[in-house]
Structure formats: C-alpha cells, structure tokens
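Next come the chains, spelled out residue by residue.
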Amino acid sequence: MRMSSKTPSANSIAHARRTVQQLRIEASIERIKVSKASADLMNYCGEHVKYDPLVMGIPASENPFKDKKPCTIL
Amino acid sequence: AAAQSRPSALQSGESLATLKNESDSLKKKLEEERAKLHDVELNQVAEKVELVSALSIRTRRVLKGHGNKVLCMDWCKDKRRLVSSSQDGKVIVWDGYTLNKEHAVTMPCTWVMACAYAPSGCAVACGGLDNKCSVYPLSLDKNENLAAKKKSVAMHTNYLSGCSFTNSDMQLLTSSGDGTCALWDVESGQLLQSFHGHTADVLSLNLAPSETGNTFVSGGCDKKANVWDMLPCASVSCRLYDLRADREVAVYQKDSIIFGASSVDFSLSGRLLFAGYNDYTINVWDVLKGNRISVLFGHENRVSCVKVSPDGTSFASASWDTSLRIWA
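Chains A and B, in that order, give the protein sequences.
Taking our numbering, the leading residue of the first sequence gets 1, the next gets one more, and so forth.
Taking our numbering, the leading residue of the second sequence gets 1001, the next gets one more, and so forth.
Just chain A, with the same shape it has in the complex (with noise of 0.2 angstroms):
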C-alpha cells in the first residue's frame, strides 16, 4: 500500500477542527417539533392579525397611502 506522500496542512487540520466545533454547537441546541413551532407560528399570526393593516384593509381616510376624495387647489 502506498502511503500519501502529502501530509495534512495546519491548514486543513484547522479547518477540520473548526468544522467540527461548530456542528458541535449545532448539535447542543434544543430542538422542538414542527407541530409546536406551527402552533406558535398560528398563535401569533392570530393574535396579531387584526393590527395588520394589509390584511384587514383599512379605510382611505385612515391610509395616508390611500387616495382620499380629490381636493382643488385654489
């Protein structure tokens, strides 16, 4: 068998340690099931949805956006 004459950098030692710090640290955080986070996810649409003016409309009056009845300039 023939051994590789190139031996690993400290280039590539470092980034292989590198690489396994941070799956490390993916590996520590705490994870919870899809069906909780969609829970969440409803319960703050939900609760948030009737101050969301895009979705409820809100009259031209109160939407500086909105065209409001044309005005003449005199």
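Hints are computed from structural coordinates only; laboratory data are not their basis.
If you're wondering where the values come from, they're calculated on a predicted model, not measured in any experiment.
Any given hint could turn out to be false.
Said to hold, decoys possible - Under the rule of at most 30 angstroms between Cα atoms (straight-line distance), these lysine-lysine pairs were calculated in the DSBU-like manner:
id: 1; chain 1: B; residue 1: 1254; chain 2: B; residue 2: 1289
id: 2; chain 1: A; residue 1: 66; chain 2: B; residue 2: 1150
id: 3; chain 1: B; residue 1: 1132; chain 2: B; residue 2: 1069
id: 4; chain 1: B; residue 1: 1289; chain 2: A; residue 2: 36
id: 5; chain 1: A; residue 1: 36; chain 2: B; residue 2: 1029
id: 6; chain 1: B; residue 1: 1307; chain 2: A; residue 2: 50
id: 7; chain 1: B; residue 1: 1079; chain 2: A; residue 2: 33
id: 8; chain 1: B; residue 1: 1289; chain 2: A; residue 2: 50
id: 9; chain 1: A; residue 1: 66; chain 2: B; residue 2: 1064
id: 10; chain 1: B; residue 1: 1020; chain 2: B; residue 2: 1069
id: 11; chain 1: B; residue 1: 1132; chain 2: B; residue 2: 1307
id: 12; chain 1: B; residue 1: 1027; chain 2: B; residue 2: 1079
id: 13; chain 1: A; residue 1: 33; chain 2: B; residue 2: 1048
id: 14; chain 1: B; residue 1: 1069; chain 2: A; residue 2: 33
id: 15; chain 1: A; residue 1: 50; chain 2: B; residue 2: 1077
id: 16; chain 1: A; residue 1: 36; chain 2: B; residue 2: 1028
id: 17; chain 1: B; residue 1: 1289; chain 2: B; residue 2: 1048
id: 18; chain 1: B; residue 1: 1151; chain 2: A; residue 2: 36
id: 19; chain 1: A; residue 1: 33; chain 2: B; residue 2: 1289
id: 20; chain 1: B; residue 1: 1027; chain 2: A; residue 2: 36
id: 21; chain 1: B; residue 1: 1307; chain 2: A; residue 2: 66
id: 22; chain 1: A; residue 1: 50; chain 2: B; residue 2: 1254
id: 23; chain 1: B; residue 1: 1254; chain 2: B; residue 2: 1077
id: 24; chain 1: B; residue 1: 1028; chain 2: A; residue 2: 66
id: 25; chain 1: B; residue 1: 1079; chain 2: A; residue 2: 66
id: 26; chain 1: B; residue 1: 1069; chain 2: B; residue 2: 1150
id: 27; chain 1: B; residue 1: 1307; chain 2: A; residue 2: 36
id: 28; chain 1: A; residue 1: 50; chain 2: A; residue 2: 36
id: 29; chain 1: A; residue 1: 66; chain 2: A; residue 2: 50
id: 30; chain 1: A; residue 1: 50; chain 2: B; residue 2: 1029
id: 31; chain 1: A; residue 1: 33; chain 2: B; residue 2: 1029
id: 32; chain 1: B; residue 1: 1036; chain 2: A; residue 2: 36
id: 33; chain 1: B; residue 1: 1149; chain 2: B; residue 2: 1101
id: 34; chain 1: B; residue 1: 1048; chain 2: A; residue 2: 36
id: 35; chain 1: A; residue 1: 66; chain 2: B; residue 2: 1069
id: 36; chain 1: B; residue 1: 1101; chain 2: A; residue 2: 33
id: 37; chain 1: B; residue 1: 1101; chain 2: B; residue 2: 1289
id: 38; chain 1: B; residue 1: 1254; chain 2: B; residue 2: 1048
Take the given structure of chain A and dock chain B to it, following the hints.
Showing chain B alone in chain A's frame:
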C-alpha cells in the same frame, strides 16, 4: 507499508482522520434529530385557520426619477420616507406621501446595489460596485452637497450586496460578493466583527427584529442561509425556516412560477408574505396555509426589492423598470 518517520506527521494524519470521523457522525446525528421533529406540515396544522379574505391591495404611488434599474430600497422609521438606489449610480430619498424627491446623491460608481435608512432618519448608507458602504448624513439645507459629508465606512474586496443599520446609527452590517458579512463602527470605520461561512457571494441580509438586535440572517449564491449571532441568487421557491425547530416548515411555490424571487418581506402579523419576482410580479402568499392569495401586476421589469413599511400600512417595491411603487 512504511509508516511516516516523523512523529508529528503521523499525529497530524491521525487527528485529521478522527476529526473527519467525528464531523461525519455529527452530521448524521443532526440529520436524524431533525427528521424526528418533522411530525407534521405547517399547512396541515393551519387547516382550521380562517381564510384570508380578498385583499384590496393595489398600487397607490409610482415613484419615477431613476434613470436605470432600481436595485434596492429601504423605509425610514417615519413610515413615509424611502431611500432607493439604482444602476444609474444615484441614491434618492423620497417623501412617499407627496412623491417629492428630498435628496439625491450621485455615487462614484454605477450599480448601487444596497441602500439603507438610518434609524434616526438622519442619514442613509449605500454602496455597490465601489466595494464600499458609505454613510451620507442628510442635510436640511437643500443647497448643501451631500457628497461633501460622505463617510466611507465599510471596505470589502468585492461588490456590496446588502447593508443594514443595527439598532442605532452607530453600527452598520454589510454583506458582500466577497463571501463575507461584516459589522462596522460608523464613527471610526473600524471593522468590529467579520462573518465567514458562506462559500460564495453573499447576496442579502436581514436583521432579526429585537431590542437587543444581535441576530441576523444572510443568504448567498451557495444556496445557504446562515443565521449569525453578532458579539444573502434568486430561487424559484420561498421557504420558511423555523429556528426553534431548526428546519424548513413551509415552501411557497407553484409549478406555474418559473422565475426566481429576489426579495421577500412579511406583513405586520406575519400572516402574509410578499415576494418580488423576476417575471415582474409580486406574489402574496398565505404564510400559514401555504397557498398564493394574489398576484400583483404593475412593474414592467424584474422586481428587485420588496419591503413592508414600519407600521405595516403599505409596502414598497423597487424594480429594474426604473420605478418604485407603493402598494396598499
């Protein structure tokens, strides 16, 4: 086979192999953990949610003035002013109510791909092919040349693709075609933190809304979205990734959509997702149910940027057709 005679080389060979083994087994473990949590789809959980009633959103303002494609825009916290930047090298500050152009700056480069309004409303940041992000204080004196007070803050080694102030006028977050994101001190121009992790151009970034404001996400040409803690290629689909479940929970796409989406933003409650596409349209998606509620027409070229106003009463879009539109 003869072993390497140098002990340090053998050690290196050994630790590289064990490191690779550990990273392979960690990756496998992560895949398994994530799969276990995928017990249901978001749209299934949302089946009983009331449908969104018909939306009466249409163009309310058209902002004309740029000479070429509009690449980016941002709202001022006062909910009425906007800043936009264009391939024509100009950055314009508009009053969205009256359509007045309040300020205009000519940049030393074309393709100004990024612009942002400072939280105080007193300055704007912008950059592009100059590989920099500069801050321009906005003067109340219309005669004053804004370029005179320009401050170069960020320096990258490739184009600037995105910029955003953090919670104050003092710090600027940037993303670049050089594959990195960076956090800068505006006053001194000092690099505070550098974020390496993308393997290709970073195209966009967005800060998590929070008082402490220390998380942001970046998306890039490597098709990865990275979420960073501080101490962005158009895709045909839009995806919702839940950070606590650590996985994608919804995909917003249709077979009939064949052009990429360049920019997205949520409505105030998070129920609606506005996405601007390369086929000149803006699609409005029901975030919970996953279906498309409506398609908004009006722009005559690609939509490059979409942002909901700070109080949620409208959203603005920027386009390669040289205009911006405000929708409500």
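Right, here's what the structure says about each hint:
1. 1254/B x 1289/B: holds (14 angstroms)
2. 66/A x 1150/B: violated (36 angstroms)
3. 1132/B x 1069/B: holds (20 angstroms)
4. 1289/B x 36/A: holds (16 angstroms)
5. 36/A x 1029/B: holds (21 angstroms)
6. 1307/B x 50/A: Between residue 1307/B and residue 50/A the Cα gap is close to 20 angstroms, so the pair holds against 30 angstroms.
7. 1079/B x 33/A: violated (37 angstroms)
8. 1289/B x 50/A: holds (18 angstroms)
9. 66/A x 1064/B: Between residue 66/A and residue 1064/B the Cα gap is close to 18 angstroms, so the pair holds against 30 angstroms.
10. 1020/B x 1069/B: violated (47 angstroms)
11. 1132/B x 1307/B: Cα-Cα ~23 angstroms, so holds.
12. 1027/B x 1079/B: Roughly 45 angstroms between the alpha carbons, so the hint for residue 1027/B and residue 1079/B is violated.
13. 33/A x 1048/B: holds (19 angstroms)
14. 1069/B x 33/A: It is violated: about 43 angstroms lies between the C-alpha atoms, which goes past 30 angstroms.
15. 50/A x 1077/B: holds (22 angstroms)
16. 36/A x 1028/B: With a Cα-Cα distance of about 24 angstroms, the restraint between residue 36/A and residue 1028/B holds, given a limit of 30 angstroms.
17. 1289/B x 1048/B: Holds, because 9 angstroms separates the two Cα atoms, which is no more than 30 angstroms.
18. 1151/B x 36/A: With Cα atoms ~47 angstroms apart, residue 1151/B and residue 36/A exceed 30 angstroms; violated.
19. 33/A x 1289/B: holds (18 angstroms)
20. 1027/B x 36/A: holds (24 angstroms)
21. 1307/B x 66/A: Between residue 1307/B and residue 66/A the Cα gap is close to 18 angstroms, so the pair holds against 30 angstroms.
22. 50/A x 1254/B: Roughly 28 angstroms between the alpha carbons, so the hint for residue 50/A and residue 1254/B holds.
23. 1254/B x 1077/B: This hinted pair is violated, its Cα atoms lying about 34 angstroms apart.
24. 1028/B x 66/A: violated (54 angstroms)
25. 1079/B x 66/A: Holds - the C-alpha atoms of residue 66/A and residue 1079/B are around 14 angstroms apart, at most 30 angstroms.
26. 1069/B x 1150/B: holds (23 angstroms)
27. 1307/B x 36/A: Answer holds: residue 1307/B to residue 36/A is near 29 angstroms, not above 30 angstroms.
28. 50/A x 36/A: holds (23 angstroms)
29. 66/A x 50/A: holds (19 angstroms)
30. 50/A x 1029/B: It is violated: about 42 angstroms lies between the C-alpha atoms, which goes past 30 angstroms.
31. 33/A x 1029/B: Between residue 33/A and residue 1029/B the Cα gap is close to 16 angstroms, so the pair holds against 30 angstroms.
32. 1036/B x 36/A: holds (13 angstroms)
33. 1149/B x 1101/B: holds (19 angstroms)
34. 1048/B x 36/A: Given that 30 angstroms is the threshold and the Cα spacing comes to 16 angstroms, the pair holds.
35. 66/A x 1069/B: holds (26 angstroms)
36. 1101/B x 33/A: Not OK: residue 1101/B and residue 33/A at ~49 angstroms, beyond 30 angstroms, violated.
37. 1101/B x 1289/B: violated (40 angstroms)
38. 1254/B x 1048/B: Distance ~22 angstroms between residue 1254/B and residue 1048/B Cα, so the pair holds.
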